[in-house]
Amino acid sequence: MENERKLTIARAMAEAVAQEMRVDPSVFVMGEDIAELGGVYGNTRGLLDEFGKDRIRDTPISETAFIGAAVGAAQDGMRPVVELMFVDFFGVCFDAIYNLMAKNIYFSGGNFKVPMVLMTSTGGGYSDGGQHSQCVYGTFAHLPGMKVVCPSNAYDAKGLMTAAIRDDSPVIYMFHKGLQGMGWLGTEPGANVHVPEEAYEVEIGKAAIVREGGDVTIVSLAQGVHHALKAAKTLEADGISAEVVDLRSLVPLDRETVLKSVAKTGRLIVVDEDYHSYGVTGEIIATVAEHDLAALKAPPRRIAFPDVPIPFARVMEQYCLPNPDKIVAAAREICPAGAPAA
Amino acid sequence: MENERKLTIARAMAEAVAQEMRVDPSVFVMGEDIAELGGVYGNTRGLLDEFGKDRIRDTPISETAFIGAAVGAAQDGMRPVVELMFVDFFGVCFDAIYNLMAKNIYFSGGNFKVPMVLMTSTGGGYSDGGQHSQCVYGTFAHLPGMKVVCPSNAYDAKGLMTAAIRDDSPVIYMFHKGLQGMGWLGTEPGANVHVPEEAYEVEIGKAAIVREGGDVTIVSLAQGVHHALKAAKTLEADGISAEVVDLRSLVPLDRETVLKSVAKTGRLIVVDEDYHSYGVTGEIIATVAEHDLAALKAPPRRIAFPDVPIPFARVMEQYCLPNPDKIVAAAREICPAGAPAA
Amino acid sequence: MAPSKETLGWMYRTMVTSRRYENAIEKIYLEGKTPVFNMARGPIPGEMHLSNGQEPVAVGVCAHLKPEDIVTATHRPHHQAIAKGVDLDRMTAEIFGKATGLSGGRGGHMHLFDADVNFACSGIIAQGMGPAVGGALSRKMQGKPGVAVAFIGESAANQGAFHEAMNLAAVWKLPMICVIEDNAWGISVAKRTSTSVEHNHVRAASYGIPGHYVSGNDPWKIYEVAGEAIARARAGEGPTLIEAETYRLAGHFMGDTEGYRPKGEKQALFERDPIPAMRKRLEAEGTFTAAELDGLEAEAAAAVDAAIRFARESADPKPEDALTAVFA
Amino acid sequence: MAPSKETLGWMYRTMVTSRRYENAIEKIYLEGKTPVFNMARGPIPGEMHLSNGQEPVAVGVCAHLKPEDIVTATHRPHHQAIAKGVDLDRMTAEIFGKATGLSGGRGGHMHLFDADVNFACSGIIAQGMGPAVGGALSRKMQGKPGVAVAFIGESAANQGAFHEAMNLAAVWKLPMICVIEDNAWGISVAKRTSTSVEHNHVRAASYGIPGHYVSGNDPWKIYEVAGEAIARARAGEGPTLIEAETYRLAGHFMGDTEGYRPKGEKQALFERDPIPAMRKRLEAEGTFTAAELDGLEAEAAAAVDAAIRFARESADPKPEDALTAVFA
Ligand SMILES: Cc1ncc(C[n+]2csc(CCOP(=O)(O)OP(=O)(O)O)c2C)c(N)n1
Ligand SMILES: Cc1ncc(C[n+]2csc(CCOP(=O)(O)OP(=O)(O)O)c2C)c(N)n1
Ligand SMILES: [Mg+2]
Ligand SMILES: [Mg+2]
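Chains as they are written, first to last, in our numbering: chain A, 192 to 533; chain B, 192 to 533; chain C, 6 to 333; chain D, 6 to 333.
Bound-form chain A, shown alone (with noise of 0.2 angstroms):
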């Protein structure tokens, strides 16, 4: 494509920032290591350089200080952008978030606006043991207060920090380290993709089709999107059509989205990496079920993390994660055989 400009979420990530801060002085960075070092996922790299400290802060090793340092920030005028390093340390601060800075608005009866994000990485494969490869979209997602973004792309990426940076109420950014186009993490290269130079946002709360098909739906977020497109490619020779819807949003959730997918086509898979139960594959399944369980041709299929905290040992971890592989045996069980693409 002629004047592509393929960029990492982690450089989409940083665009979206530095353009909003360009434009609106309230708009500020906060946590461990993202001044100096740019953020341990370089989604904040080049900030330091062109804003200076007093907008770009490290912060001491103190989350409960900082987010809600953030939430009073946000309350008087500010728009504190902010990163918790890894999701996994969400126990240290999970008052800050889900009992502060996701309830004030509603406290004061929308007195008090709440604009901020909350930036932070989710995700394994990589073998960093149980405390830092988890996603938890499911804790986040089920605690009112907040929205729930996770960007599978660069282009997603930038638009959807855009929209958080300007959203009034408090935004959870979820970015998967695998995804984030750092080489020391792996790289997806389906993440990479073309990113308009100038701001734009893309809605929070609407999720995308990113593959029309006819005969399954595949639902998935992060990560787990690029799974999806793997096996819907890997299905098309076995004669499958596989949809793949992108969540992009677990808060705001767009239902409609998934429901109309699989109104078409009858069947539906849901794939996460977050941990199999109370999480994100029981929502959406329970969300088909309960509208339209007509639509269901066969029982619908989960495949998640299982219930077991994340093992170190490579052979361990990559047995539980999802993959395409898994979606296609799944696919394979609950379509029925079409014919083999010529």
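It is possible that part of the hints are untrue.
Said to hold, decoys possible - Partial selection, computed: residues in chain B whose CB lies under 8 angstroms from chain A:
1) Asp-215
2) Gln-322
3) Pro-335
4) Gly-336
5) Ser-468
6) Ala-480
7) Glu-481
8) Leu-484
What the hints assert, rightly or not - Residues of chain A clear of chain C, computed beta-carbon distances all greater than 10 angstroms:
9) Asp-240
10) Arg-246
11) Met-269
12) Trp-375
13) Thr-378
14) Ala-398
15) Gly-404
16) Asp-445
17) Thr-448
18) Leu-450
19) Gly-457
20) Gln-509
21) Ala-520
22) Glu-524
Unchecked claim - Here are the computed lysine to aspartate or glutamate pairs in the EDC-like style, where the Cα-Cα straight-line distance is at most 16 angstroms:
23) D/Lys-178 - D/Glu-242
24) D/Lys-285 - D/Glu-302
25) C/Lys-145 - A/Asp-245
26) D/Lys-149 - B/Asp-245
27) B/Lys-421 - B/Asp-483
28) D/Lys-178 - B/Asp-245
29) A/Lys-488 - B/Asp-483
30) D/Lys-10 - D/Glu-290
31) D/Lys-145 - B/Asp-245
32) D/Lys-71 - D/Asp-121
33) B/Lys-304 - D/Glu-302
34) A/Lys-488 - B/Glu-481
35) C/Lys-178 - D/Glu-203
36) B/Lys-517 - C/Glu-325
37) A/Lys-304 - C/Asp-121
38) B/Lys-488 - A/Asp-483
39) C/Lys-268 - B/Glu-227
Worth flagging that the hints you see were computed from the coordinates, not collected in a lab. The beta-carbon is built from N, C-alpha and C at its ideal position, and this holds for glycine as well.
Based on these hints, arrange chains B, C and D with the ligands on the given structure of chain A.
Below, chains B, C and D with the ligands alone, put in the same frame as chain A:
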């Protein structure tokens, strides 16, 4: 009933703890206001007098420290029973719970045991506002490594507490404030049932059919079970026969009992006081849809707290909470009108 | 820095307002809760934490604050809210869960938010520490005037949030003041069994900032020490930790039978009730005449009566409005 | 309390073991990660935090500990584990993710657990503080001997868990010691930009307990101060806070390009490398001959070689065993 010994859940819990403490010197209790005061919800009443300050320890307001300390003590051969006063406070100490307590058995490959009980109160309905009324069952159940139990009556409360204390794995013991039998929080008479004097266990991970019926299965837990039983009575007059399943334990989850019941009734309503999305109701419905889609004669229904922070004002909170009327209405919608009972 | 006559008048009237307010709330809270005490009943359901006895700290500090200054308060917020100038009518309506309340009934007594005077509070111990740091940061970054004061109880100084926030405020030299209301109890747990130091003000050493102890629940002394700290913050010299001795004349919350208190403690506290003591001194020093003080008390009473009336007469919110205002 | 010759020999050998270990791990870690550095590849995937330079703190403290004593360590745990006597073969196999590892490969380098010597660690900053308090409590309640030592980095002293745990240990007067390894950096963030005091040992004042500072990354001095604190704990006199100056000779983790370090810092640190310094002093003071020290180094090398061999030759775990050992 002769020789009936009706206890409140509060007394049943205290009795179980006391009985285990008498026979096992490694059992001790820690928490805020659990000694002199006997626990805000009465579930440690009498223990200080019998066991003294060394084994019944009031703590500072330092949940991260004392729950972390319980893990260290449990790994060293003790059996701490710890109280988190309101489950709503989990955010200040969740790392010690989900990333430490819940994972050290696994991280140690089973070489460390973590025999501890974390008891915590849940639930609203008495206008205590959005930071003192939550259930967050789904949050605890979603994350691996901890068993999660939620008794609905004094018999189960005692037996589950005894089983939890004897378990070598960490158990989250969630007791609903509205069922404690403390008059000042209202009283659900159905929770005060006969409790044998001697120690006994209720197996963790087994649901109970608390009412048999043929037309619709109502799955719930804790206070929801009482709503379901009341609804079932009303429905009986309509000629609709409801079976009520009390989950009792969310982890392990007794999927079989649910599936068996729905296989029989063909209809499912799930009732949960926790937030609607990404929680218990979704998990139960998804379980049935994926394992026994054909059994469902009507779309499954859920009655849960909407995805909003819990409002203070009575009329608002009551509007949001599950109640028997909502269950009755849902059942009427999905069940064919039966012959009203004579 | 001694308070002016005008300030003293404001302080006295505000303390009396706060006390009358709590007395009124206490009575109304019990409506519908007798003979059987059930929190869910009556015009004011839920938990109720009264601040009787702790008025001096709130007024001594807030006498130095303007509407633009930020206060984060606790689960026991009425005296702090009144001293900060939160709209009494709408605050009362909020406590009653009415549509005219500060947040239309969504918050309740532990969640009073008034954007006009930059007041917020919360039911989680020490949760206000972070937001106070953030408010102070915001002012510093924006170059706008204003300090942030976090009120906490003495037991809250054992929470991690206290430590993290004090360190952060000190590292960034923010205009933030932490005021510890030391009433010696965290529910039933005595400070000496929960806290490893006799006085929390020594913890300022952990942050390289000034720490002050104010004994005696004395509005004059609190005024003086708070004044210094706030002036220091306004001058860009960074945070201060203030520990003020105070007394909780009521139970932890309503319904508390206070069996944990040593015998005679309550009686002794009432003998040191700061409100009659202040009146006595104001009269003795000739700052105000008895008639003037009666006048201030009457003003206080009128404000409280009006607020209660406003709340009582206001309508309930629409139940379905529970679903609104989740997002901005 | 000066270390005996035997202890000094143990200390030196252990420091060398630790250093050789890290050097070996460093090399193996890079296998499969060149020319493109990808953490997921090679015989040791995931993050890798080396402890080069920090050996004196671990040995100075652990020289006083017995297997029954408890240690909770950090995300940078190898030197601490080796000094505490964790089985080197099984530890190495764990770091390689092998079936013979301490936990069969479920944990990895940040999750080394050895029940035989009461060692645990974690990847969450300051998470070991609570368990150390609990271990100490357990010993006190059971009347069994043993102290608990929590090692943390200097940046961890800004976490809430640090504060809460120190207060709790002090209130309950537990046999617990917190040892802060101050290497001046938390990843790329310099201590002076994250910490409001120059020295963390002053924070002991917040808990009414002794606080000690040990300068110079000096194994003798650390031994002495730790000995006092541990003796005090064993005597039932309660917790101590120790802050030890140390140096991180490597990056925060492997792959760290260390661009944040001021020019010349690394060079200066290497000039103060504690291992050659210790050797020099042991020789100069005539405690050991050069040949004896060579012998200790050879022992260290042999142990490391054997452990690496054990790990390399061990089998992978069965993938499906990932699903086991969730519950006891
Ligand atoms: C994190 C957290 N833990 C526990 C509680 C329950 N709680 C409410 S008030 C209180 C005592 C607070 O004592 P203090 O800070 O001294 O304030 P006071 O009540 O004396 O004004 C406790 C334990 C809570 N609200 N939040
Ligand atoms: C709660 C938490 N926050 C952040 C991190 C990410 N992190 C890992 S190591 C580290 C720096 C720790 O510095 P320090 O405590 O000084 O130990 P050092 O690495 O210097 O040994 C950080 C921020 C974490 N693991 N846990
Ligand atoms: Mg108090
Ligand atoms: Mg460090």
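Hints versus structure:
1. Asp-215: It is violated, given that the least Cβ distance between B/Asp-215 and chain A is near 28 angstroms, above 8 angstroms.
2. Gln-322: At 6 angstroms from the nearest chain A Cβ, B/Gln-322 passes the 8 angstroms test, so the hint holds.
3. Pro-335: holds (4 angstroms)
4. Gly-336: This hint holds: B/Gly-336 lies near chain A, its Cβ roughly 6 angstroms from the closest one there, short of 8 angstroms.
5. Ser-468: This interface hint holds because 6 angstroms falls under the 8 angstroms limit.
6. Ala-480: Because about 4 angstroms separates B/Ala-480 from the closest Cβ in chain A, which is inside the 8 angstroms limit, the hint holds.
7. Glu-481: holds (5 angstroms)
8. Leu-484: holds (4 angstroms)
9. Asp-240: holds (19 angstroms)
10. Arg-246: Nearest chain C Cβ is 8 angstroms from A/Arg-246, so the label is violated.
11. Met-269: Violated, because the least Cβ-Cβ distance between A/Met-269 and chain C comes to about 5 angstroms, which does not exceed 10 angstroms.
12. Trp-375: holds (30 angstroms)
13. Thr-378: Since the minimum Cβ distance to chain C is about 35 angstroms, A/Thr-378 lies beyond 10 angstroms and the statement holds.
14. Ala-398: holds (19 angstroms)
15. Gly-404: At roughly 33 angstroms from the nearest Cβ of chain C, A/Gly-404 sits farther out than 10 angstroms, so the non-interface label holds.
16. Asp-445: holds (16 angstroms)
17. Thr-448: holds (20 angstroms)
18. Leu-450: Nearest chain C Cβ is 21 angstroms from A/Leu-450, so the label holds.
19. Gly-457: holds (33 angstroms)
20. Gln-509: Non-interface label stands for A/Gln-509: nearest chain C Cβ at 36 angstroms, farther than 10 angstroms.
21. Ala-520: holds (40 angstroms)
22. Glu-524: About 40 angstroms separates A/Glu-524 from the closest Cβ of chain C, which puts it past 10 angstroms; holds.
23. D/Lys-178 - D/Glu-242: holds (7 angstroms)
24. D/Lys-285 - D/Glu-302: holds (14 angstroms)
25. C/Lys-145 - A/Asp-245: Cα-Cα ~10 angstroms, so holds.
26. D/Lys-149 - B/Asp-245: With a Cα-Cα distance of about 15 angstroms, the restraint between D/Lys-149 and B/Asp-245 holds, given a limit of 16 angstroms.
27. B/Lys-421 - B/Asp-483: Violated - the C-alpha atoms of B/Asp-483 and B/Lys-421 are around 27 angstroms apart, more than 16 angstroms.
28. D/Lys-178 - B/Asp-245: holds (13 angstroms)
29. A/Lys-488 - B/Asp-483: holds (12 angstroms)
30. D/Lys-10 - D/Glu-290: holds (11 angstroms)
31. D/Lys-145 - B/Asp-245: holds (10 angstroms)
32. D/Lys-71 - D/Asp-121: Since the Cα atoms of D/Lys-71 and D/Asp-121 sit roughly 11 angstroms apart, the hinted pair holds (cutoff 16 angstroms).
33. B/Lys-304 - D/Glu-302: Violated, because 37 angstroms separates the two Cα atoms, which is more than 16 angstroms.
34. A/Lys-488 - B/Glu-481: Holds, at roughly 12 angstroms.
35. C/Lys-178 - D/Glu-203: Status holds; Cα separation ~15 angstroms.
36. B/Lys-517 - C/Glu-325: holds (15 angstroms)
37. A/Lys-304 - C/Asp-121: holds (13 angstroms)
38. B/Lys-488 - A/Asp-483: Holds, at about 12 angstroms.
39. C/Lys-268 - B/Glu-227: holds (15 angstroms)
The earlier numbered hints that this structure contradicts are 1, 10, 11, 27 and 33.
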